[in-house]
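Colleague: Work out the full structure, taking the sequences as your base and the hints as a guide.
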Amino acid sequence: MNLTLMGLNKIKEDYLAAQTVLARRIIVCAGTGCIVNGSMKVYEEFVRCIKDSGLNAVVELKKEKEEDGVFVSKSGCQGFCQIGPLVTILPENILYTKVRPDDVQDIVETTLIRGELLNRILYVDPDTKKPCKNQSEIPFYRKQQRFVLANCGVIDPEDLREYVAHGGYVSAAKACLEMTPLEVCKRIGDAGVRGRGGGGFPTGKKWEMALQKESDKKYVICNGDEGDPGAFMDMGVMEGNPHSVVEGLIIAARAIGADEGYVYVRAEYPLAVKRIRKAIQDAYKAGMLGRQIFGSSYNFDLHVMEGAGAFVCGEETAMIASIEGRRGMPSPKPPFPTQRGLWGKPTVINNVETLSNIPLVLAAGLDQYRSLGTHESPGTKTFAVTGHVANTGLIEMPFGSTLREIVFHVAGGMTSDDGKPMNDGFKAVQIGGPSGGCLTRDHLDLPLDFDSLKQVGAMIGSGGLVVMNKNTCMVSVARFFMRFTQEESCGKCVLCREGTKQMLSLLDDIIEGRATEETLTILEDLAIAVQKGSLCGLGKTAPNPVLSTLRYFRDEYEAHVKHKYCPTGKCKKLTKFWIDENLCRGCTLCVTKCAIGAIIGEKGQPHKIDQMLCRKCGACIEVCKFQAIKGGKS
Amino acid sequence: METLRKFEKVCEIVDQNDRSAARLIPILQAVQSEYRYLPEEILTYIATSLGISPASVFGVATFYSLFTMKPKGKYIIRICDGTACHVKGSMNLYEALRNKLTLKEGADSTPDMLFTLETVNCLGACGLAPAMVINDEVFGQLTPERVDSIIDDILDKEEKNEFDTHGA
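Residue numbers (this note's numbering), protein chains in the order written: chain E, 748 to 1381; chain Y, 11 to 178.
Keep in mind the hints are simulated off the structure, nothing from the lab.
For each residue, glycine too, the CB sits at the ideal point set by N, CA and C.
Hints may contain errors.
[Claimed, not checked] Taking lysine-lysine pairs in the BS3-like style, the calculated list, with each CA pair at most 25 Å apart, reads:
| # | chain 1 | residue 1 | chain 2 | residue 2 |
| --- | --- | --- | --- | --- |
| 1 | E | K1363 | E | K1320 |
| 2 | E | K1092 | E | K1080 |
| 3 | E | K890 | E | K933 |
| 4 | E | K964 | E | K788 |
| 5 | E | K1021 | Y | K84 |
| 6 | E | K952 | E | K1320 |
| 7 | E | K921 | E | K933 |
| 8 | E | K1320 | E | K1377 |
| 9 | E | K933 | E | K788 |
| 10 | Y | K84 | Y | K114 |
| 11 | Y | K19 | E | K1021 |
| 12 | E | K1319 | Y | K110 |
| 13 | Y | K80 | Y | K114 |
| 14 | E | K788 | Y | K114 |
| 15 | Y | K110 | Y | K80 |
| 16 | E | K1372 | E | K1340 |
| 17 | Y | K84 | E | K1319 |
| 18 | E | K1287 | E | K1323 |
| 19 | Y | K114 | E | K1363 |
| 20 | Y | K19 | E | K1340 |
[As the list claims (entries may be wrong)] Where chain Y lies over chain E, by a calculated footprint (3+ residues, C-beta under 8 Å):
| # | stretch |
| --- | --- |
| 21 | 779 to 790 |
| 22 | 1007 to 1016 |
| 23 | 1066 to 1074 |
| 24 | 1126 to 1134 |
| 25 | 1191 to 1197 |
| 26 | 1213 to 1221 |
Modeller: The structure is reproduced here in structure tokens:
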């Protein structure tokens, strides 16, 4: 089927015509977070309650004009998962939070029928204590700039027509019908789009390299193997606006002259896999994929490949090996995938967020895109903010925003371990996951972009931000990431395979009190060796968390090593155990319990723990009936 | 008879994937979702039908963490140990579950093969940390007490099912 620009316009007009009849619309968030909190039950309850109250509940817009009713639709992730399930009511634009199925009847009666606000489920601004009617009043949203995520959380991700009604697929059609491949590359290059997957390589340049390489066959791949623990930006985009990824891929394919593509998605994201599959299926039906797309002479086939749980497959060459059905092990670059990639053919691999930006860049024009962000890093970046902050979730900020804006304005400031506000609690932010580094109080006002972060030994990575309060032990954080990379190392390079293992055991020595000052020197030397001696990004960046915590929190490492003391009290093995003489009755229960005989004392006399022998297993604390055994820093 | 039926299904999966070695990962995924694990004899069979060495099939099967060559329980519980969940105490949940399911040291599955307990790197539900997934259902904002009651619910359901089957 041929589909031209006019065809797109027809889809748009039909959809809008059907929608305008329906004055009212209810959008229930159907992102992973809200579904976990029961938003699907809320959705069903809305359909039921609306019908029961005598109104017409429309769950799917039909082609012909609808009779009046309430349009109940689902959306992708709206970002603020913590206060979900979220329900938006249009045209009043009211945002209800933490909506339970029991609230639905009340919403229907109060808001839909009587037209009044239901105050008890509005978000309350923690500073002013005022209820917020919608996103524009909630600080979490007000301080963001939503460009890529603008349609996420608004449109129905499973309805191609709505994506088209919001201007979708026009950029792809124009790229196929009105622009030459070189023009497309140049436009993206001039806009200054840089890869959002971590490295920040200029996208236009990458495309041009692949375009210039002559070949009978070329491929484009979307990298949706978002493996960083604590990052879920790409998942948000794939779940909330899958068509934007498909459109980005069509444009990329047109730009380099590819006729086949893959979307590589983590299998741990079942909902994203489902929505991407549906989007591709619908795009085939509508004539945006397949043969002679948009009525042009180009063909483009798109497949979905589910990952099988290997972090290293996020690396380009490993991903290619995985698509070819082999072990996902990286190979040396050059040759770069743009020269010799999938099945030996020139291949462009772009990250989900990058691809989702592409249609918007072509539609918005250079000036508008460049007005966001900084000169060297134009545009916006999505971040997943987690950890010890009041508001966790998915956010989008222009490049050049500062950590202070993100942590204190958008994320609502620091919290303690049990979630209570902790005003002066900021300690550090781990940015970029296991390949990134940490940023401290000194970096709070640093404008975040690709280059500024590199200078301070961190990287934007895919955009995971883990905020940590001052009760967090930085050595343990470094160990957490080291354990992750050690487990995920594919084993090809000796230094990555053995080096990460040794680094992990050195960190264990530090945490468990076996380290000497020499340990720190060995750790540092080894970190640099692993960086230099590994083939791919995983190994090259694996030591980053260690190096950057050593750089900024050396005193904490030294406290562990020299004084066998964890300043935050989080390292159990460095906790000291002692017996309170006033409470001890001398029952000898702990003496018999201690497996290594570290507790000494006669029956009826207060006991003592031999600190040299004590292994800090904590068994004596559990067995003591008089709470005489204490554990702590001193 | 049982074995024959086993291979019939594998044949079907291999055929659906054009008997192409490039489709090895999707084939293994389909086989695993059918049998809940990758039986050794089936891997050899797949190698022969794709015309590649058993070593390359075993190589792929052991490389990716979602593939398993050990049988797994009916309910696969994966505790998320991503950064956000880790910071919010996912390991306490893991320990609580090990106790609840009375798993022996070194074992991941209960002897009756009802439950298998694992960890997973990140489920992307970081806003709701700590989280876990049981088969396909995700649970968020967990506490050891809630985990306990979720397992009890499953046990109740299983007991009822058993009763129904025997009663019928």
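Colleague: List in ascending order the numbers of the hints, as given earlier, that are violated by the structure.
Modeller: Per hint list: 3, 4, 6, 9, 14, 17, 18, 20, 25 violated.
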